[in-house]
Amino acid sequence: MPAYYLEALTVTLGIFLLMAEAFCSCKSKAWVGVTAAIGLTVIFGLLFISIGPDTMPQADWAKWPLWNFYQFDGLAKFYKGFALICTILVLLMAVDFRKILSRFTELPDSESGTGEFYALPVFACAGMMWLASAKDLAGAFVSLELVTVTFYILVAYMRRNVGSLEAGVKYLILGALSTGFLVYGIAWVYGTTETMSLEKLAHLEHITNPTGLLFGIALVIVGLGFKMGAVPMQVWIPDVYQGAPTPVTAFLSVGSKAAGFILTIRFLEPFLHSDITRGPVLTILLILASATLLFGNLAAIPQTNFKRLLAYSSIAHAGFLLLALAAGKDAPADLSSAKVVSFYLATYLLMTIGVFFILAQVRIQRDGETIRDFNGLGKTNPQLALALTVLLAALAGVPLTAGFWGKFFVFSLAVDAKLWIGIGIAFISAAAGFYYYFNVIRAMWWFSPSKDDVIVLPTISKICISVLTVAVLVIGFWPQPIWALLH
Amino acid sequence: MLALLVFLPIAAFIAILLGAPARLTAISASAMNLVLGLYAAFTWQCGCWSFSLPVLEKPALHLAFGFPDGVSVIMVLLSVIVTLAAVLSGKAPEGREKLYYGSSLLISGGALGAFAATDLFFFYAFHELALVPTFLMIGMLGRGDRRQAAWKITIYLGLGSIILLAGLVWLSNLTGTFNIQTMISNKALVPAESQNGIAALLIVGFGTLVSLFPFHSWAAPAYASAPAPVAMLHAGVLKKFGLYGILRLAIPLVPEGLHFWLTPLLVLLLGNVLWVGFVTISQKRLDTMLGNSSVMHMGYIFLAIAALIAFPGNTLALPAAVVLMFAHGISIALLFGLADRIERNTGSLDFTDLGGLAKAAPGLAFIFGIAAMASIGLPGLANFSGEVLVFLSSFKSYNGTAGLGPVQITCILSIWGVVISAVYMLRAYRNVFQGPSVKSTETAADLTCVERIPALLLVLALFAVGLCPNLLLSLLKQVL
Numbered sequence: 001m002p003a004y005y006l007e008a009l010t011v012t013l014g015i016f017l018l019m020a021e022a023f024c025s026c027k028s029k030a031w032v033g034v035t036a037a038i039g040l041t042v043i044f045g046l047l048f049i050s051i052g053p054d055t056m057p058q059a060d061w062a063k064w065p066l067w068n069f070y071q072f073d074g075l076a077k078f079y080k081g082f083a084l085i086c087t088i089l090v091l092l093m094a095v096d097f098r099k100i101l102s103r104f105t106e107l108p109d110s111e112s113g114t115g116e117f118y119a120l121p122v123f124a125c126a127g128m129m130w131l132a133s134a135k136d137l138a139g140a141f142v143s144l145e146l147v148t149v150t151f152y153i154l155v156a157y158m159r160r161n162v163g164s165l166e167a168g169v170k171y172l173i174l175g176a177l178s179t180g181f182l183v184y185g186i187a188w189v190y191g192t193t194e195t196m197s198l199e200k201l202a203h204l205e206h207i208t209n210p211t212g213l214l215f216g217i218a219l220v221i222v223g224l225g226f227k228m229g230a231v232p233m234q235v236w237i238p239d240v241y242q243g244a245p246t247p248v249t250a251f252l253s254v255g256s257k258a259a260g261f262i263l264t265i266r267f268l269e270p271f272l273h274s275d276i277t278r279g280p281v282l283t284i285l286l287i288l289a290s291a292t293l294l295f296g297n298l299a300a301i302p303q304t305n306f307k308r309l310l311a312y313s314s315i316a317h318a319g320f321l322l323l324a325l326a327a328g329k330d331a332p333a334d335l336s337s338a339k340v341v342s343f344y345l346a347t348y349l350l351m352t353i354g355v356f357f358i359l360a361q362v363r364i365q366r367d368g369e370t371i372r373d374f375n376g377l378g379k380t381n382p383q384l385a386l387a388l389t390v391l392l393a394a395l396a397g398v399p400l401t402a403g404f405w406g407k408f409f410v411f412s413l414a415v416d417a418k419l420w421i422g423i424g425i426a427f428i429s430a431a432a433g434f435y436y437y438f439n440v441i442r443a444m445w446w447f448s449p450s451k452d453d454v455i456v457l458p459t460i461s462k463i464c465i466s467v468l469t470v471a472v473l474v475i476g477f478w479p480q481p482i483w484a485l486l487h
Numbered sequence: 001m002l003a004l005l006v007f008l009p010i011a012a013f014i015a016i017l018l019g020a021p022a023r024l025t026a027i028s029a030s031a032m033n034l035v036l037g038l039y040a041a042f043t044w045q046c047g048c049w050s051f052s053l054p055v056l057e058k059p060a061l062h063l064a065f066g067f068p069d070g071v072s073v074i075m076v077l078l079s080v081i082v083t084l085a086a087v088l089s090g091k092a093p094e095g096r097e098k099l100y101y102g103s104s105l106l107i108s109g110g111a112l113g114a115f116a117a118t119d120l121f122f123f124y125a126f127h128e129l130a131l132v133p134t135f136l137m138i139g140m141l142g143r144g145d146r147r148q149a150a151w152k153i154t155i156y157l158g159l160g161s162i163i164l165l166a167g168l169v170w171l172s173n174l175t176g177t178f179n180i181q182t183m184i185s186n187k188a189l190v191p192a193e194s195q196n197g198i199a200a201l202l203i204v205g206f207g208t209l210v211s212l213f214p215f216h217s218w219a220a221p222a223y224a225s226a227p228a229p230v231a232m233l234h235a236g237v238l239k240k241f242g243l244y245g246i247l248r249l250a251i252p253l254v255p256e257g258l259h260f261w262l263t264p265l266l267v268l269l270l271g272n273v274l275w276v277g278f279v280t281i282s283q284k285r286l287d288t289m290l291g292n293s294s295v296m297h298m299g300y301i302f303l304a305i306a307a308l309i310a311f312p313g314n315t316l317a318l319p320a321a322v323v324l325m326f327a328h329g330i331s332i333a334l335l336f337g338l339a340d341r342i343e344r345n346t347g348s349l350d351f352t353d354l355g356g357l358a359k360a361a362p363g364l365a366f367i368f369g370i371a372a373m374a375s376i377g378l379p380g381l382a383n384f385s386g387e388v389l390v391f392l393s394s395f396k397s398y399n400g401t402a403g404l405g406p407v408q409i410t411c412i413l414s415i416w417g418v419v420i421s422a423v424y425m426l427r428a429y430r431n432v433f434q435g436p437s438v439k440s441t442e443t444a445a446d447l448t449c450v451e452r453i454p455a456l457l458l459v460l461a462l463f464a465v466g467l468c469p470n471l472l473l474s475l476l477k478q479v480l
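Sequence order for the protein chains is A and B.
Number 487 marks the last residue of the first sequence (the numbering used here); no jumps.
Number 480 marks the last residue of the second sequence (the numbering used here); no jumps.
For the record, the hints were derived by calculation from the structure and aren't laboratory data.
All clues given are correct.
Below, a list of computed lysine-lysine pairs in the PhoX-like style, where the Cα atoms sit at most 25 angstroms apart:
hint: 1; chain 1: B; residue 1: K359; chain 2: B; residue 2: K439
hint: 2; chain 1: A; residue 1: K379; chain 2: B; residue 2: K91
hint: 3; chain 1: A; residue 1: K418; chain 2: B; residue 2: K58
hint: 4; chain 1: A; residue 1: K77; chain 2: A; residue 2: K135
hint: 5; chain 1: B; residue 1: K359; chain 2: B; residue 2: K284
hint: 6; chain 1: A; residue 1: K329; chain 2: B; residue 2: K58
hint: 7; chain 1: A; residue 1: K451; chain 2: A; residue 2: K462
hint: 8; chain 1: A; residue 1: K99; chain 2: A; residue 2: K451
hint: 9; chain 1: A; residue 1: K77; chain 2: B; residue 2: K58
hint: 10; chain 1: A; residue 1: K200; chain 2: A; residue 2: K135
hint: 11; chain 1: B; residue 1: K187; chain 2: A; residue 2: K418
hint: 12; chain 1: B; residue 1: K284; chain 2: B; residue 2: K439
hint: 13; chain 1: B; residue 1: K187; chain 2: B; residue 2: K58
hint: 14; chain 1: B; residue 1: K152; chain 2: B; residue 2: K284
hint: 15; chain 1: B; residue 1: K152; chain 2: A; residue 2: K379
hint: 16; chain 1: A; residue 1: K379; chain 2: A; residue 2: K451
hint: 17; chain 1: B; residue 1: K477; chain 2: B; residue 2: K187
hint: 18; chain 1: A; residue 1: K63; chain 2: A; residue 2: K200
Treat the numbers as computed from the prediction; the structure is a model and nothing was measured.
Chain A on its own, in the form it takes in the complex (with noise of 0.2 angstroms):
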């Protein structure tokens, strides 16, 4: 099958979802995201049929002029596979978040203004899909704006909670002032250049002064900077965040993220090969690693609002990733910054939305998001509070997680590349990280709760945070799978 058979069908099931939950009278709307999470593993399951021109060139789709744009290689397909999961993941926890979405949209207690809620993330995920597949600025362009114009609706989506329509104001006044960074980056890439194709990008011989070329390259970096999280563009993240429905929150720190850094992967690649680029492009992410670093860090330790602190941690974690690529080692057999990279957001995917499916739940049955509300969940919920601690210290990078090894693969590259001032500041943070996340442990474990009352977790939330928390451990104790999905 071809690959792009996979947006296609993406798009037509967002589509299909929004025709059928208008006309459906249904009073609940839990149907529709069970259905967009079900189209959506049918098409993680297609993507293993899905070849590319190379596989069978002298078919007639192999000729079309469509593979300017669209490549299939090993790296697309992994962050396809990476979009969907996300995205199946994030909608089965907006299904079991639906009893606060209903209570801040159209009627109180009525579910009939959040079926488009389902339908939405959908559309985002078919953009993160083309994304994975860029091949030319101006495809990649557009494939980003469906991802961020979808999530201007969804971060305001509870329109009668004031924050969530403040932070909707945010993301859209922050993300259109990033939008403009990109593509005035992109027009100065192109003007040096002429050209939009990242494959002829990487012949630059010809170019004597490169001036234009690399203040185009940081314009575009900065752009791309308000997808990753990275200082400078990471100020609207902690209130967005904050405000968004959590389901939405989950979807911005590792959808939208993954999104941003295999773009940049993408695109900085042809100027890492060229000689005259390499080196100021190098340095100018290992000023943006090391910044955002300290800052996601630093700024993580006063937190007190549980979401808050997952909204700086994931500043954090863009910056260890930007570290990754400030080493900018290109070896496909070995270690490679792309690959290390891949291995980190997949285990950042595994702890990051198991503890927003936690939080979502504490949220609903608690009604608060502080770490407060965490106090004695060791007591009530003993189960719960292990999960969740094995999550947190995977974050934290404990060995024996997951999160261990991401850490580990960067650090190693760090060493590799002598990046010396990164890899300091990068265990500095480490160390403030250790420090936070053990803060959220520590409420659960040591403090008694403020109510008795158990959380009691819905079947589909049950599963998740269970299949979530377990792979975290298996990966911490044999990384081998997730290397093997890379190869």
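The hints should help you fit chain B onto chain A, whose structure is shown.
Okay, now just chain B, sitting in the frame of chain A:
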């Protein structure tokens, strides 16, 4: 085979989590582990104990266990003995049995994994696995100012582990492998200019874990507040991980770097012996006194390590360090276990609230007396063998014409530590067991037969090694 030893406690932990009767499972798993451990001590030289399972292709990584030499055999023995004593002597608070016994098993499994691992990653990772339940248990089931004590140990040991990790990553990056044995054979790849940096990271990292002065202040409050099995397992077993790490990794891989830091290390270990020794004398409670005393005794083991650093051909220093590690582990576990009994019997560990307990509980008093004497270093008990070897080892290459070297001077100064420990231990014994009975000690119950089992197990180990140190030394022959 060794994997069985490591995963038995972890499997028992999972079983408890799934609903198996907590105390029974914990005791039977630790008893089985003791039998396995003893068996391993007799047959460790046969190849049958090593175990290896590849987990990652690139960089090559194996979940591998094995006995590279007698040191790890002795550490494994120490772990299994103390684990059984800890789960036997502890008494879980009502309704928290799962947590109490489960965590103890997890700590034990982590310690065993760290001592048996032959791969750098799992060596480090299993230690961390044991630390997390330690923190949680102190914070949840501790006494007194438990949250503050637990937060302090979390931050100190967390930071220590990260500093240590930096050193280990650096080492493995230079030697290009995770296999400890291969690392040691590749030690020529560690360049002279990196040695000092790595050695500093390892001393601070491992040192924090072992409560080397001045990174020791987490220890006393944490042990004082920890539930009995956690204090026994951490002070007795897990803390030895840092010393084991220095012996296993730092000494073979960065000898020049360690030599560079020898003088600061000597000053710091004197801080352990003398400074913390005086702090110990001034304690007003039995539990904080024991906690401080355990910090103080680490100084002697560091002295043996310093002797090994100063004269690499020193054949006495390694056995000295290892025997004392074993002896200290057993004696401090016994003391913490008995202190917990005293508190359960009398409701207090404050010296001013206690007195004359020997009248009501002669059995307890007798065993505590043996443990206190062992801790002071009375001949015939294990600690004596260790301490004597330590002092002898520091004079091993003493050269009469050149005069006293820094190691010998440190040794002479730290012998005063023996006097200090006699002062605080005997004072504690007098305050708790002798003198007129007070209200709380009049009605206190003595140890029952069943309760004596864990204490006797440890006393037996103390006497065995004290009277016949060759039991351990013969295990180290290959290293010698």
